[in-house]
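Working from the sequences, and respecting the hints, build out all of it.
Residue numbers (this note's numbering), protein chains in the order written: chain B, 9 to 335; chain R, 9 to 335; chain S, 206 to 541; chain A, 206 to 541.
List time: in silico DSBU-like cross-link candidates among lysine-lysine, alpha-carbon distance up to 35 Å:
no., chain 1, residue 1, chain 2, residue 2
1, B, K327, B, K261
2, B, K324, R, K261
3, S, K403, A, K347
4, S, K397, A, K318
5, R, K324, R, K209
6, S, K347, B, K47
7, R, K167, R, K203
Calculated directly from the structure, the hints in this document are not laboratory data.
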Amino acid sequence: MAVMSYIDAVTMALREEMERDQSVFILGEDVGKKGGVFKATAGLYEQFGESRVLDTPLAESAIAGVAIGAAMVGKRPVAEMQFADFIMPAVNQIISEAAKIRYRSNNDWNCPLVIRAPYGGGIHGALYHSQSVEAIFANQPGLKIVMPSTPYDVKGLLKAAIRDDDPVLFFEHKKAYRLIKGDVPEEDYELPIGKADVKRKGEDITVITYGLCVHFALQAAEKLAKDGIEAEVVDLRTVYPLDKEAIIESASKTGKVLLVTEDNKEGSIISEVAAIIAEHCLFDLDAPIQRLAGPDVPAMPYAPTMEKYFMMNPEKVEKAMRELAEF
Amino acid sequence: MAVMSYIDAVTMALREEMERDQSVFILGEDVGKKGGVFKATAGLYEQFGESRVLDTPLAESAIAGVAIGAAMVGKRPVAEMQFADFIMPAVNQIISEAAKIRYRSNNDWNCPLVIRAPYGGGIHGALYHSQSVEAIFANQPGLKIVMPSTPYDVKGLLKAAIRDDDPVLFFEHKKAYRLIKGDVPEEDYELPIGKADVKRKGEDITVITYGLCVHFALQAAEKLAKDGIEAEVVDLRTVYPLDKEAIIESASKTGKVLLVTEDNKEGSIISEVAAIIAEHCLFDLDAPIQRLAGPDVPAMPYAPTMEKYFMMNPEKVEKAMRELAEF
Amino acid sequence: MENRHEKIGLTDETVRKMYETMLLARRLDERMWLLNRSGKIPFVVSGQGQEAAQVGAAFALDRNQDYILPYYRDAAVVLAFGMTVKDLMLAAFAKAEDPNSGGRQMPGHFGQKKNRIVTGSSPVTTQVPHAVGIALAAKMDKKEYVSFVTFGEGSSNQGDFHEGANFAGVHKLPVIFLCENNQYAISVPADKQLASVKVSDRAIGYGMPGYTIDGNDPIEVYRYVQEAADRARRGEGPTLIETMMYRLTPHTSDDDDRSYREMEEVEKAKLSDPLLTFRKYVKETGVLTDEQEQQMEHAIQQIINEATDYAEQAPYPRQEQTLDFVYAEKEQGGAV
Amino acid sequence: MENRHEKIGLTDETVRKMYETMLLARRLDERMWLLNRSGKIPFVVSGQGQEAAQVGAAFALDRNQDYILPYYRDAAVVLAFGMTVKDLMLAAFAKAEDPNSGGRQMPGHFGQKKNRIVTGSSPVTTQVPHAVGIALAAKMDKKEYVSFVTFGEGSSNQGDFHEGANFAGVHKLPVIFLCENNQYAISVPADKQLASVKVSDRAIGYGMPGYTIDGNDPIEVYRYVQEAADRARRGEGPTLIETMMYRLTPHTSDDDDRSYREMEEVEKAKLSDPLLTFRKYVKETGVLTDEQEQQMEHAIQQIINEATDYAEQAPYPRQEQTLDFVYAEKEQGGAV
Ligand SMILES: Cc1ncc(C[n+]2csc(CCOP(=O)(O)OP(=O)(O)O)c2C)c(N)n1
Ligand SMILES: Cc1ncc(C[n+]2csc(CCOP(=O)(O)OP(=O)(O)O)c2C)c(N)n1
Ligand SMILES: [Mg+2]
Ligand SMILES: [Mg+2]
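In structure tokens, the structure reads:
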């Protein structure tokens, strides 16, 4: 067990999977010699050589499409999109192709592909280096979308994603990369894709969230605990398809639910979470389902004033939690 | 006032806007000589000439991107995507560009663009000619998404979309094209984008839906009326951003809400509608918020058995409405 | 008539087989239209006029190891690669047994893993990067196979063509890009589609050789594709081949081509219908006797009849099968 | 040294102005790095080494009517088109007054309608189809303007380059595609990026002339861009010009280029730094005296100092301004 950063857990999972399985390889922009613009693939080019850590031309649709082709014949490509914002040119390949290959071929073909991409704001990335893009893909059966919050989860879920026989989008919060540290076992382990994780038990209110916001909720929960309010914090971990059981269980238990995302509010992941609760445990609720999210503007601006206004933080979460607890 | 089909209302709106405003032009695949694969642009090439009804190369990102460029310098392009399924290569242009041009330039530039595309199933179109793609775009502030249900709404909303100073995605249900007929005034009128429309008043239950499903709900409502159940049918018309007031008003009034979409369920437009209701009128509800949608599979299959299983129809809606009414 | 196939090492036997495959594809296509016009199948997309290039190319490949990524008109390619008429009929009737998709996709969306026919979709040109990825896997694993991908001239204007071709060029991958230039993309003629004179003019931009050849001549196409396959196997990278032909039918059974092209143009093109010209070739070079031809037509008719009957009677997928195969079947400890 | 500018009709006055613009861009760029390294601004993206091509091109355009779609390194282009140092400083400091974006975008995301500098984003190459659309509008309305768009050699591998260039070629639109080939796309050298020898090899695939020229020579670039603009205005369609140069700085202030390229290579490239070579030219041809040069440097320093002070002191946007300008302001009876 070693304490390591979120990004080091990414690198560790990649390295171990590449050591374990010859069919795993990495492709993307600047992932080779440079080791990625965030250094997520640092050292892998040196260890595994150019043929398994491929610097591609600057063309995301090809990155996804070439990876899909390789995956269909038995490879396990891990494609990196340099920023989640730049996944857009690859949407056709991801939605029309990767997501539908198994289904359209009646289970004859499949596509064991992982697409990793750093998402999220708070790093002066402005409109095009701060976006949360998960909602764009979160209505495409055939895809899975994983968004881990801790180094431990990163390692276990990235391994599971690489071993998964279907395409997985794996979004890593870029602000978490160096900010979030935690224990990561040296040994090999997988965490189940499709399962949420209760990161903190509590009886009074439920906060359901994912990614970096999990930490904000946990910090806020500690403060509330000092005032005798015990919050349950559910980390979705997989945001598509959602773990309905876990959502329903926690919502039913506490009857007060706050949903948090860094994304814009309308049409976000937490909208679906709210819908699930409203469908399944309406009569267990003691308060309206609260959603706390970024404002409905195109993306996070550059100026620190505006970035702060947009970005989620522990204070905003705490305030919403207190309001809900007092409801 | 003339009775005309849904698609004729599309053509009429296009023609009238092109007559009214020189800056309006059409571009897309096969929209010229052929008049479009569905004939939505029939006669316009003859009337307005090749320079205003442009057959483009087969490249959707260019269709969107070129239209965006023209829009930024004062044109009002109406781009056709031959099928909504084929909008995917243009996602980067739509989400990264069109949606963000006004915001990112601090209101210096804007992008008065309309993208029309036929969507929806029930026409033996199989996986790639049947999709509902609205959810992909329904979390992108800066965009508006209009999905009309009647010829009357088509004309008024398409005109509004063309006159709008921001980008509008205008999705037309391809099965409605010839199936749905209705009165359309000869004179010029606009309907407000962003406003839902109560297509039927009722006190017992509310059905909120859009597009072709509005007709299924209206048909079902007539049947229920025979049994003394009065359903209110709310046609969202604009699915992004949603008309919160109208949703809240009707949900609060009847206390029983059924949401219907032809799309897959998870992450769909009606998820957001459910979330809005759960947030704002929880205590007015007498029943869980019901969602009726397509199954969570990648897209509608070709075989008639499977297509029927996937596709929404009046019977499915009626059944769900009765269940809700009896709750 | 000069015997051109011997020179490039093709036996009479193989050439006869090539003609037979072209004929089979044509007769099958014709039957599909009949079935469509009589209301038995909802949709046809046709390869008439493109069989020469398809068969010439398919026969030049190694049909025991190469991967193919055909586009919707390539019935002749997949027939050459082992898909049967019955398979195609099952797809046309959208029946459960359809090996391409289990009745889920429209006809023309080929896929059959056992024959290395890679599953395809409707959005055009997405298969191009896939072919490149399959070629990349070959290079990585030092395998001998080649990946072969086709597309129309209209589709060569999609970004995916550019991105895929450049990727293949940079990494010198064993892939063959074959454009079937039938001069129309639905209603749009090639000169409104392509700014270049030839699609093959684009090859230099991807560091690969590019050729524009007569797509009505299967021998010519065979020669170029064979050479491209050899280059690919030698590690010398990709090739772009543009085959010139004419789309003899409307775009699909939903299209009426009279609204955008002169019927005289179509009639004129029919004079160089590759089925007629190649028939002349095999007859005059003595590859095919009249008797053999009759037998061939007869056998083909029988195959098609049987396949039609079989497919017509075969069951549709059960409606609940709509829910199958979204993800891998759940295994213990596995994912969703 | 031979006077080359007279031959193509450039006055000493203009050439001096060209040099001044290059120098201004360079000094501004250098200041940006200082501000970044001292923690005053979070980010710099640099145009060092690319000023010659940028200025040569910008001066060849009609700066009173042409539209430009610059990419992030094109500070010299936008300066030539009327954006001020103060404007750029306001952007670097993310201040409310920034005319590019009101402090919303990172520096290098230019946009200013009054100078026909079209707003840009970060995803590369999306501006290429926009430029084509702007040119299409010119053709439709029979206007005289040209649309000018730049991009890196890495970005020429995006689908949008292909689709946009082909569209322009088919419709013979007045657009100039200028590639600034600085030999790297972040860490990836051009030979791993481009399968072709030259980006200009792609021009034939879009039915347009393509040239690869010395991007360190503003006179040469001027000549080619002027000719392309003339062609465009004559209705003869687009041109692709590739300008060869070297990125003298790391990719951005977040990059450390020592991890992927030899510092000797950079040092060598600095020998042909266009600022040095063009300085030599203007000095030796008598366009610029020592005294004039000193004055120029002095004036530039002052402009930059003032702009820095102003921008540093200017207010940030108010936080609620985050909510502005998602859609057009609501009008009566209007839309959302
Ligand atoms: C991305 C995408 N856009 C549009 C379509 C609709 N469509 C189907 S075939 C076709 C024309 C294709 O022309 P070409 O590539 O020349 O092939 P051909 O049909 O002539 O063989 C179009 C526009 C599609 N299938 N995919
Ligand atoms: C679509 C997209 N993918 C990735 C990036 C990240 N990125 C920014 S600049 C760059 C390299 C661009 O190289 P080139 O086009 O040669 O321009 P240069 O920076 O060398 O001037 C990359 C990969 C991006 N901005 N957009
Ligand atoms: Mg064609
Ligand atoms: Mg570069």
